[in-house]
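> Here are the chains, one letter per residue:
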Amino acid sequence: MQSSRWFDLRFLIGILFTVYGIVLAVYGAVSDPRTPSLHWNIDLWWGLVSLVFGLLFLIVSIARRPNDEA
Amino acid sequence: MHALFHASAVDYIIIALYFVFVIGVGFVLRSRVRTGEDFFLSGRSIPAWITGLAFLSANLGALEIMGMTASGAEYGMLTTHFYWIGAIPAMLFLGIYMMPFYYVSKVRSVPEYLKLRYNEATRAVNAIAFAVMTVLTSGISLYSMALIFQILIGWSFTTSILISAVVVLVYVGLGGLTSSIFNEVVQFFLIWAGLLPIPLIGMHSLGGWNGMMARLPQGFGHLWQNLGNPSHNPMGIGWLGVVLGLGFVLSFGYWTTDFLVVQRTLAAKDLRAAQNTPIYAAFFKMIVPILVIIPGLIALAIYPKIGHSPNMSYNLALPLLIAKYYPPGMLGLGLTAMLASFMSGMAGNVTAFTTVWTYDIYQAYIRKDASDRHYVNMGRWAVVVGVIISIGTAYFAAGFPSVMDYMQTLFSFFNAPLFGTFLLGMFWKRTTPWGGFWGLICGIVSAFLMYFLLPASTFTSPDAGNFWRAWWAWFITVAVTVLISLFTKRRPVEELQGLVYGLSKRPDYSGYPWYKRPGYLAGIVFVILVGLNIAFW
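Here the protein sequences line up with chains A and B, keeping their order.
Quick note on the UniProt record's numbering: the first sequence kicks off at 1 and runs consecutively.
Quick note on the UniProt record's numbering: the second sequence kicks off at 1 and runs consecutively.
In case anyone wonders, no lab produced these hints; they're calculated from the structure.
The reader is advised that the hints may include incorrect statements.
Part of the chain A face toward chain B, derived, beta carbon under 8 Å [what the hints assert, rightly or not]:
id	residue
1	Gly28
2	Arg34
3	Asp43
4	Trp46
5	Leu48
Pairs of lysine to any residue, SDA-like flavour, derived with a Cα cap of 20 Å [as the list claims (entries may be wrong)]:
id	chain 1	residue 1	chain 2	residue 2
6	B	Lys324	A	Trp45
7	B	Lys269	A	Ser61
8	B	Lys324	A	Pro36
9	B	Lys106	B	Pro47
10	B	Lys269	A	Thr35
11	B	Lys324	A	Trp40
12	B	Lys106	B	Lys368
13	B	Lys269	A	Arg64
14	B	Lys324	A	Leu38
15	B	Lys305	A	Trp40
16	B	Lys516	B	Ala9
17	B	Lys324	A	Thr35
18	B	Lys269	A	Arg10
Positions of the beta carbon are idealized from the N, C-alpha and C atoms, including for glycine.
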């Protein structure tokens, strides 16, 4: 059942982290923010990490067996 | 007042996305809530990895994170005792030995178990004390959150309180316990996403563990080495107090009898999932110090004056590191992680309060035989009332801040005796109803008497005082319960089936592979725990 996907917590977490990953990475790539004590683009890299994490959860959720109910 | 951070548009977008997300989850889950079982117990249908993470993060509030980081900066690795010996053994004990009684007896709350095992009076004492304390605790954390956000980003007290209270109200009111549990799990991942860069960057810039230790006072990297004599360590405690008070009584009292955490195990889908809930949680609990205590050590290494200068209190350890390392964007994620942990902590208190109020006070003493729908509606109203009382408490706390510290100390006097009552109730079938009741009362009263009558100088430090008071309150509970049980009437054995060790069937998992069996998993956790304590001796 399609709607049951929304009851799957893995799916919800996947969405949240994918969105956060995109927002952070895009912001990091566009504005290249720095702090005085950190000389690399943490927003871009941590955004990409979050994006991968989110996509992993989405993949696991979508690929789960149909009888494996959340 | 000058705020520590200046949040920019991208930070507000990240925070706003989180609010949209949690409210959305509430609406999605609403269609799933049909019965009281759904609302109060998530229909007993949640897999163990979810209840396990919720079990852990119900306790991992932002106050705890900031407080433990502060302790890390003040006392060093000693603070880790609160995570390892002060939590893991109790969580394993709950999973292996106590869960069969809680889950199989089909009780809906901790007070309900007391009613089945002992009597109505014992349940009433626990239900009323728990309901009052939980709702006040929720208000205290609301107050602390508003205070912190005022200092960090300059939000007004009322803005913080109203926004977070309304969001919690909406998502708990709609989705009940499931909403609360889902958000606790999301919070667990958010905390890691929002805070993990701090120990990584900090350790890297200090030259790893040894580089950091070289800048810290002697002994800050050790757990047990300096506990032989209370005057040799900054906490002023000895090993016996740590083992008996913290490791045994305080930790077992909290993790095995506090309904806030136990409620998460009751939502699990079957007995094996319920047993695995605290065991899974223990795996993750062991690594939380990376997120809270290591940053405390880093803060002390970078700011050696922390705690000794007027504008740099220990409580600012974590915020100072965030300000140092996080640009806009990461700042939003860090703030969202803190907000999420505040709100899920409050939601956890509100759901636990709601269940105890509806089943153990309202249904037990006010309306016994109403329809299931009636109790669900009562639960939703209890959420509203619980949130309103929390807001009131928060404003009260703002007026009288010193009363709040005091109250939290007083609340801690209820868990230690309760653990004595549970231990005897579950493992000694001769414990009688009135033995349990009077033991519990004497334990609580003695904790209060020790606190008010013994001068502060009795103990080597405030922490040592907490540990030893808890131990003696527990001891008195056990002694009185045993004594009175020898002279009062037992419950007939038939009534104790499934509630007491020796009168219940032990679960048999011999058909399962090792990684699904609670006993094996608990054994692995225990071995890792011993290894960690030796590594950081």
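> Determine for every hint whether it applies to the structure shown.
Now the hints, each set against the structure:
no., hint, verdict
1, Gly28, "holds (6 Å)"
2, Arg34, "holds (6 Å)"
3, Asp43, "holds (4 Å)"
4, Trp46, "holds (6 Å)"
5, Leu48, "violated (12 Å)"
6, B:Lys324 with A:Trp45, "holds (18 Å)"
7, B:Lys269 with A:Ser61, "holds (19 Å)"
8, B:Lys324 with A:Pro36, "holds (8 Å)"
9, B:Lys106 with B:Pro47, "holds (17 Å)"
10, B:Lys269 with A:Thr35, "violated (47 Å)"
11, B:Lys324 with A:Trp40, "holds (14 Å)"
12, B:Lys106 with B:Lys368, "holds (18 Å)"
13, B:Lys269 with A:Arg64, "holds (18 Å)"
14, B:Lys324 with A:Leu38, "holds (8 Å)"
15, B:Lys305 with A:Trp40, "violated (28 Å)"
16, B:Lys516 with B:Ala9, "violated (46 Å)"
17, B:Lys324 with A:Thr35, "holds (7 Å)"
18, B:Lys269 with A:Arg10, "holds (17 Å)"
Of the numbered hints given earlier, the model fails hints 5, 10, 15, 16; all others are met.
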